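As they're listed, the protein sequences go chains A and B.
Quick note on my numbering: the first sequence kicks off at 1 and runs consecutively.
Quick note on my numbering: the second sequence kicks off at 489 and runs consecutively.
Keep in mind the hints are simulated off the structure, nothing from the lab.
None of these values were measured; they are calculated from a predicted model.
Ideal Cβ placement from N, Cα and C applies to all residues, glycine included.
Take the hints with a grain of salt, since some may be wrong.
Sample of chain B residues at the chain A side, in silico, Cβ under 7 Å [said to hold, decoys possible]:
1. Gly512
2. Gln516
3. Pro533
4. Leu536
5. Asn568
6. Lys576
7. Tyr578
8. Asp755
9. Met757
10. Phe759
11. Pro762
12. Asp763
13. Pro766
14. Met767
15. Val769
16. Ala772
Listed next, the in silico BS3-like pairs over lysine-lysine satisfying Cα-Cα at most 30 Å (straight line) [what the hints assert, rightly or not]:
17. Lys942(B) with Lys369(A)
18. Lys423(A) with Lys270(A)
19. Lys423(A) with Lys346(A)
20. Lys346(A) with Lys617(B)
21. Lys876(B) with Lys827(B)
22. Lys876(B) with Lys942(B)
23. Lys701(B) with Lys714(B)
24. Lys701(B) with Lys369(A)
25. Lys381(A) with Lys369(A)
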Amino acid sequence: MELFELTAYELAQKLAAREVSSREAVAAVRDRVAAVEGDVQAFLLQTWEVAEAKAAAVDERRAAGEALPPLAGVPYALKDVICTRGLRTTCGSRILERFVPPYDATVVERLGAAGTPLVGKANMDEFAMGSSTENSAFQVTRNPWDLERVPGGSSGGSAAAVAGDECFFALGSDTGGSIRQPGSMCGIVGLKPTYGRVSRYGLVAYASSLDQIGPLTKDVRDAALVLNTIAGHDPRDSTTAAVERPDFVAALDGSVAGLKAGIITELTGKGIDPGVRDCVLKAAAVLEELGVRCEEVQLPHAEYALPCYYVIAPAECSSNLARYDGVRYGHRTQQPVEDFVDMFAKSRAEGFGPEVRLRIVKGTYVLSKGYYDAFYLKALKVRTLIKRDFDRAFERFDVLLCPVAPTPAFRIGEHADDPLSLKLGDICTLPVNLAGLPALSVPCGFADGLPVGLQVLAPPFAEAALLRLAHAYEQHAGWVGRKPPLGR
Amino acid sequence: MAYRPCIGVEVHAQLLTDSKMFCGCSTQFGNTANSQCCPVCSGIPGSLPVINRKAVEFVLRTGTALGCRPAPRCRFARKNYFYPDLAKNYQISQYEEPLTAGGRMTLEVDGEAVDIRIRRVHLEEDTGKNFHLPDGTSLVEYNRCGVPLMEVVTEPDFTSAEQVREYLNELRAIFRYLGVSSAAMEEGAMRAEPSVNLVDPLTGDATPRVEIKNLASVRAVYDAVKYELWRQQQALDAEEPMTQQTRRWSVERQETQVMRDKESSEDYMYFPEPDLVPMEVNEAWAARVAAELPELPRARRARFVTEYGLPAYDAEVLTAQRELADYFEAVARTAGDAKAASNWVMGDLTRLLNETAQAVAASPVSADQLAELVRMIGEGRLTSKLAKDVFEEMFRTGGSAPDIMAAQGLGVVNDAGELEPIIAAVLSENAEAVASYRSGRKQAKGVLVGAVMKATHGQADPKLVNQLLEKALG
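So that you can see chain B by itself, here it is in the shape it has in the complex:
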């Protein structure tokens, strides 16, 4: 009686539109309480919703990217329930006729390809927020009420917490690539709710589905799914009675706890929203959205490996952010050495950006400038060691490599004429080492090379120094 895990995931993502789903109020985060409200989003009597076109575009874009078909005709529906943070005591969402449906995502988990069917991607509005004070009073804040939310629902095709984690990471990257959501789970811009149960593939017997809420990170989702699978298996083995439930994840106790026992699921009394007419996505619009899709993370990763010959690790790191990948490609195009470019971008650039809390878009070093630096190293015009210092200066001042090197009198000394007197001086000052070398101990040359490098402040071309020393030593 081997039951296998059966998991579905519902993700809500706040969309990066300037205004709310059904009114012109700002969606900006973090302003004075109840300062971004109007009669529409605060449910004042007589107000009416008007659809935000950009929000529709964003969902079409996302649905198309996930392989969904846009519905030729779709409707909004009212989801009716009472709650203080729901200004109208109904949420305008989509029910029977979602904007897009029927897609799929292929994940790679532990070397295996896993196909997840996307049931639908649709559009709805967010709720406000409740706050509870210690004295028993409750406050409600509606700045968030009405912000556009995109909902992505999968079929219950996941069979492990690892797959769910991979899915969420990939989905998040896709949202960011498409520019539709910041997908920042810690800020609540993306929320995930897994539904978990165990199924016996032979008999079709299954444990009741459990929905898990209150998950503020991908890690939490992973932990919660793992825990819930374990909990249900325990209960199954102990033949405990189980019911359909909504459970919340407790980070402190690392367990899921009952929120709501639902013998039957809640009745939201969905009906088509009479204040909005049905929406038709014509073929021209759908075609344009499809044509304007950027290259998605998975495809880009694969291309970085094949086109630039990068290791999978590099591809993964560089494509984590679309802007970083764009920057890398701009550098690699003219740098002449893709791997070097990758190292610089993943290494020093990322480090300095993090230290100064800047985004790639604000990098003081432009892609062209970095490409130039990489080319110069390749041409031997400066050592990699020196280059690190030059780069820091470039980052600090925004100047180009040649300008900085000229200003500081830097540059690889690879003029034999310049080096010969220095070598002569070194040889005369290090008679012991010279003698040692001439008597057969070749490693003594190292001391001499070191002395030349010191005398030239590290700017001498090591290869040329070796060459000239050998010549001088005879």
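Isolated chain A, as found in the complex:
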């Protein structure tokens, strides 16, 4: 097995045992990137100097006998929506093409303190709006399993990089499924923590009440490992919860027998590809073998999640993206302007892509006088109903199950003429963000030769139980560790 094929945990063990150095690990992924990145196009920025410096520093400390954090020396990538001091952060948009943040996001600080070398910033749908990474202003990222297909989105670059072994783990962000869906399409694990579990300070905001940062990893243990490092209350983010933070890795072991899993009827029926449904039901059968009782459960308001999301998210985004006006940073129009309104309008029209402009316009509309009550306020109420469905379901079940996406990875350009159909693909993931729940995607088979992910949902702050069940499934089901034929 190549060094770059190891999981983060396996590499960490080798590093701890001094079998391999961090510098070697960085070199290994660097070579791998050189070999496959031409095809995959996962990165917008590669940061080898930074990575090598960090790796060298970690190696020195280890050589000096220092006890190091578990992830020390393990190279990783960041979705380009997360601020890195001194390193260009574009959010996949021309409006931030040359933006260099003056500060590090909290998660970057925590990973830095943990000694992890950053190898690059990953491609994404512009401002995290999209489900295929095709909305990136810069390049198209390809799915390592089939280079003619999308890696999913909006964290497509992060997912492709991990699936293609171009790094050992990556961080993405998830507002409506943007970690889980690319995780599913690229055959890896994608975890969206509970809203409030991980700090959003330094995460360029799309929809403030829905966004969360989370790991994309090669297996469930790695996800737990990363969560251990990035989770926790942050005084700089008022929406992080001051809750107990268990050791998520330690929580992995333990029997799952006796747990109850609810298969969500509304999300497993009509509109789901038969091949996908098949994988999901087979996964439920595996869980039954482990002693988990699986039954059907209904979420009566699930069908409203899509319209609800597409009122709330654009509304918040229209406000969050108002700051991009060319005054302090970002693209400023070179055209002659009459006044500041003109300058703002031209800069934004030039800098934002069509999907972003569409959502800003929609969001402005639903917040405007005369429509606020009918749309935004109403959507907030529907959101409460959706959350209550989950609360009721979790009274009877420990976890819930459903697909991540209705189909496996589709072809690049397949939805170009029908953006609505692309959005319909989010129906399984959206409700989770509306309810603020933790959820992950774990590989559960293949349909038409393409990876399919099982989505597992848990009650708020129950990541430990979520990860334990997913880990037990993964170890028993045997899909873990499958690699795409990339670069072979």
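Knowing the structure of chain A, use the given hints to seat chain B on it.
Just chain B now, with coordinates in the frame of chain A:
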């Protein structure tokens, strides 16, 4: 068809916190441009707000002082609009759930009591500043962006410019008493925006509301309101069409001028701030704030009249500043003569403080020292004339009255033994006056008294001098 004035006032006050509303940047005034900024207050992508607890406390304090109820639960909201000095192109403010609401202030205007309802007192952040250069370039400065602002909104209960003026003066005094704002309008620490229209009480017909901006002093507010009432009445009489407008006050031309015609008011698309969770003010906090309220200006003024027997004028002057009132009370407590204490504080102390540009808190003469001086005058140990000189010396050196008098050999000479030889000498040197007095012209004694005072450098006790002279003259 008698229309009556209908005026509401919105006041914004910068709060005296050390740091900004949503980040730790300093609120200090007057430093290098853009030196007090961070990702949060300059709207850098990925930044998030964190609430300044002291700012919340200050608004609770003010709201409670104005008779408002603190909301058990309140939220911040985004007010969305585009402007270069607004770093995020939205301002975090409060909309549907303000921190406090439902108070009142009673004013006294021309002997009449006027009740003004306070609709709400809430919290928001200030914007930066734009500068426009002659060549057409504009600059933006964000040191002020994010400074905590308290907004006090009244119901449109005012019916005259005089009432508005009284309100602003009282509000300013309250802000200073509570220590929540310097309320210095010239520095922009307090801004007032009146909304003016005319209403027919019988029919309910009204002229469209006009909001007036760009008012840098209470005087300007008074003038602007008076002008606007007149302008609207003129337009009404001439049956001119009128629209809802924002007008700016021009000090140079002493008139209001159109800034913005607003057929309908601007749509700020308010929605609850998703980056901040709702805030709950529990009963214990509200109770503590209420218990810790200091005595407010109005109550203090009234008490100075009843407790110290001071005239209303004195009470007004002394309570203009809380520190001055505190100083006065410290003096009056042990001086034995409240009116005398008042005179000294309003007079010589204030004069010298102004001359040396010092605040009361920095007064070289402590309250105890001044009280001592007043007591000494009362006991006849020095004349008021002398006392003025002694006080100046006390102010200059920080010494106490007895020390200074001892050092300079001052002190009322009221020892008969000391005075008798001097009187004898004066009598022998002023034979004419003596003769004049003895022949019935009593006013001649004045010359003799003057001579004794001169001989004793003004330190002789005038009463005793008179007594002894009479005795000597027979």
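Taking the hints in turn, this is what the structure says about them:
1. Interface restraint check: Gly512(B) against chain A, minimum CB-CB distance 10 Å, threshold 7 Å, status violated.
2. With a cut of 7 Å, the hint placing Gln516(B) at the interface with chain A is violated, because the nearest CB-to-CB distance is about 21 Å.
3. The beta carbon of Pro533(B) is positioned within 7 Å of a beta carbon in chain A (closest approach about 4 Å), and the interface hint is therefore held.
4. Interface restraint check: Leu536(B) against chain A, minimum CB-CB distance 5 Å, threshold 7 Å, status holds.
5. Residue-level restraint check for Asn568(B) holds (minimum Cβ-Cβ distance to chain A is 6 Å; threshold 7 Å).
6. The criterion of a C-beta within 7 Å of any C-beta in chain A is met by Lys576(B), whose closest approach is roughly 5 Å, and the hint holds.
7. The criterion of a C-beta within 7 Å of any C-beta in chain A is met by Tyr578(B), whose closest approach is roughly 5 Å, and the hint holds.
8. Here the hint on Asp755(B) is kept, as its CB sits about 5 Å from the closest CB of chain A, short of 7 Å.
9. Nearest Cβ of chain A to the Cβ of Met757(B): about 4 Å, under the 7 Å cut. The hint holds.
10. Interface hint at Phe759(B): satisfied, since its Cβ lies 6 Å from the closest Cβ of chain A, which is below the 7 Å cut-off.
11. The interface hint given for Pro762(B) is met, as the beta carbon of that residue sits about 4 Å from the closest beta carbon of chain A, less than 7 Å.
12. At its closest, the beta carbon of Asp763(B) sits 5 Å from a beta carbon of chain A; the interface hint therefore holds under the 7 Å criterion.
13. With a cut of 7 Å, the hint placing Pro766(B) at the interface with chain A is violated, because the nearest CB-to-CB distance is about 11 Å.
14. Taking 7 Å as the C-beta contact cut-off toward chain A, the hint placing Met767(B) at the interface is violated, the least distance being around 10 Å.
15. Because the beta carbon of Val769(B) sits about 16 Å from the nearest beta carbon in chain A, more than 7 Å, this interface hint is broken.
16. At its closest, the beta carbon of Ala772(B) sits 20 Å from a beta carbon of chain A; the interface hint therefore is violated under the 7 Å criterion.
17. This hinted pair does not check out: Lys942(B) and Lys369(A) have alpha carbons roughly 85 Å apart, beyond 30 Å.
18. This hinted pair checks out: Lys423(A) and Lys270(A) have alpha carbons roughly 16 Å apart, not beyond 30 Å.
19. Between Lys423(A) and Lys346(A) the CA atoms are separated by roughly 28 Å; this keeps the pair inside 30 Å, and the hint holds.
20. The hinted pair formed by Lys346(A) and Lys617(B) meets the criterion: a straight-line CA distance of about 23 Å does not exceed 30 Å.
21. Taking the CA atoms of Lys876(B) and Lys827(B), the gap is near 16 Å; set against the 30 Å cutoff, the hint holds.
22. Between the alpha carbons of Lys876(B) and Lys942(B) the distance comes to roughly 18 Å, so the proposed pair stays at or under 30 Å and holds.
23. For the hint pairing Lys701(B) with Lys714(B), the CA-to-CA distance comes to about 14 Å; that is within 30 Å, so the pair holds.
24. For the suggested pair Lys701(B) and Lys369(A), the alpha carbons sit about 25 Å apart, so the restraint of at most 30 Å is met.
25. In summary, the hint linking Lys381(A) to Lys369(A) is supported, as the alpha carbons are separated by about 18 Å, within the 30 Å threshold.
Figure legend: structure checked against the earlier numbered hints; hints not met, in rising order: 1, 2, 13, 14, 15, 16, 17.
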